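*Asks:* What follows is the residue order along each chain.
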Amino acid sequence: MKYILLIFLSFSLFAQEKLSIVAVGEAEEEKDIIAITTPFLEGFKENKFGEENAMYKVWKNDFSFYKHKFIVKEVKTVKNVYGEPDFLNWKAQQFRFVITSKLVNDEKAKVIRLNVKVFDTVAEKDIYNHSDIFKTPSTRSFYHQLANDMFVSITGKKSIFTSKIFFVSDKLSTKRKIIKELYMMDFDGRNIERLTNHRSIVISPSVSNDNSKVLYSVIKIRNSRQNVDLYMIDVNTKKISLISAKKGINSGGVFSGDDTKIYLTLSYTGNADIYELDLSSGALRRITKHFADDVDPSITADGSMMSMLSGRPGKAMIYTLDPRGTEKSVKRISYVGKFNATPVYSPDGKDIAFASWVDNRFDIYRIGSNGRNLVRLTKNFGSNEEPSYSKDGEFIAFASQRVLSRKKAIQNLYIMTRDGEILGNITNEFGACTSPRWSK
Amino acid sequence: MFQATNSKNEFFLGVIKSFSGHILLALIAFSLTYFAAFKSDVITNKDVEILKSSVRVDVVGMPKYTLQELKKMTMEDFQQQEPTAKEEPKEEVGGSEKVVFKKETKKINVNNLLAGFSNRKINAPKVKKKKKINLNHSQLKKLVLEGNKVATGNALVGDGEGEVDMGAFSQYANNLPNVIRPYWKLPSYLLQQNLKCRIRVFISESGKITKTQIYESSGNPEYDQKAMDAIMKVGTFPKPKSEFVKLVANGSIILGFPL
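Residue numbers (this note's numbering), protein chains in the order written: chain D, 1 to 440; chain L, 1 to 259.
Among the hints, a few may not be true.
Examples of chain L residues lying across from chain D (beta carbon under 7 Å, computed) [stated by the list, open to error]:
| no. | residue |
| --- | --- |
| 1 | Glu49 |
| 2 | Ile50 |
| 3 | Leu51 |
| 4 | Leu67 |
| 5 | Leu176 |
| 6 | Trp184 |
| 7 | Lys185 |
| 8 | Pro187 |
| 9 | Ser188 |
| 10 | Leu191 |
| 11 | Ile253 |
| 12 | Pro258 |
| 13 | Leu259 |
If you're looking for bench data, these hints aren't it; they were derived computationally from the structure.
All values derive from a computational prediction rather than experimental measurement.
Idealized CB from N, CA, C, for every residue including glycine.
Turn these sequences into a full structure, and let the hints steer you where they fit.
*Replies:* Dropping the structure here:
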């Protein structure tokens, strides 16, 4: 008996407790700290130059747009350490990347030489080393270009620093006449340039993929009848061509991935439908054929999917379809919202941002292109419309209107991250600004 | 005499045999214990199960909260959004002061009529109570319009697998990631490498971590350390219930970073 008991005891020692694995899930990205040192000067009288501050400010401001990814810190440069990285000290301050720059006044050659370096404190080496001639006066685009190059060395991806935003403003309106023209500006709201002079109402701009052309529509009065004509402007030459002036609406044009075709809304048949127009041959092909209005096309980069707004279910809802056929693979994406507008694909084609009428104003939402994962991006921030993605998909520009009184309202353009973190306005006191379109 | 001596010898022999046998068994038991303790460090897959927890989001209207607001919310915030039960008006006791004379009316039915003719007690037939739906029109409208309601589901989106074991221990284990996640952060260069590690945790009855052990390394010491740091930064975990406090103290939970 004793032996049996002892044997049982020994078996119990073999009994293993079951272990349970629980998934903690994906980690949140820890923001890297980018330290930007103030430019080091050499060969300047009283160690003063002046323009280095403008360059430094642009870099700081540019990188701060990516505050959801980085923490940007300003570091005063120490005189004798340019070119000698201090990894120990930088690591102690938890700097992940350090940007240094040096301006040398070469009096013999009568030029100012610029050198920029980016150091990776983990790899303990420089990952970007660029020398250039610093022209005076220098331009913001030069500073943006350098900032973009540094960004690429850090992340491996292009930034928004060299991008442009096209938009419509009624800046030239008078009390007697409303005038809306097409404008272009840097992504940060600087260097605003007017592109058109129709002295009429411009709507719905759209940029080509090579950023050289912009489609837009103009509301014209022809034979005492209102018509919406489609134009295209060459951004470099400023040459304007009339693309389509059929009866009714010729609007909402967007470029195909290779910029050889455009997709637009035409209503000359009596009903608004979406068509494909070959820019070289002028051939027209019908994409939608439904008694309800189909408007606002947006197409993926590979041209395989198109989103649109359709009144088929009785209310304006978002649909996707294959633009390579007519009424091909039409699928309803949105089922909620009193009125939805301006759906746009994200650059990777995975999401669609759109505006929806809720609580007596528009707000911006984002939904997966498969109709799942509907999220709200704006709230309690005026009336928000016309979202437009940046090329890297990290940001969304949109128009936001605030009503100040019965007679006065202001409308400016804002930028937010793709998850709805609003960074701020990029237009201010430039009339009512609408229809932002980010360059590609 | 010889017989007595023989019995004595037999007795002693028996004692020696018995003693030896006991010593041998004790040695076997001791070596088995040692072996089992060693073997417990080498766990086979059949001893491990993966607990799954899932959340199903039902959207019945446009979302009420923005993505930024949702990111800042905790489970407690969601639970506070549940509509509170409407308080039923208290029944008046003792009758109204305004009523001077209250005419009593009896329901006329067969039972009442027959009651007068018989001494036998007649039990009124049981009437099934109809369930009242308390939602009025505005509450229903609010329910239809409200979005972002979080409910514990039993299927992952796109997975559709399995049922969740909702035993107390499973619930406790499944809640641990919620406590750790705010501290689970990685720099971009580690995030891009798609590493994974598993850490075995030993939690005392007071919720303190008594020991951590790398159950499965990612191969990158910094990644493993980040996972350990996330656990240690929590400080005190929820106290385990008495029914499974030993399980938790003996390291029955392995945390997967990310799985």
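*Asks:* All the hints need checking, so say for each whether the structure fits it.
*Replies:* Evaluated hints:
no., hint, in the structure
1, Glu49, "6 Å, holds"
2, Ile50, "5 Å, holds"
3, Leu51, "5 Å, holds"
4, Leu67, "5 Å, holds"
5, Leu176, "6 Å, holds"
6, Trp184, "5 Å, holds"
7, Lys185, "4 Å, holds"
8, Pro187, "5 Å, holds"
9, Ser188, "6 Å, holds"
10, Leu191, "5 Å, holds"
11, Ile253, "6 Å, holds"
12, Pro258, "5 Å, holds"
13, Leu259, "4 Å, holds"
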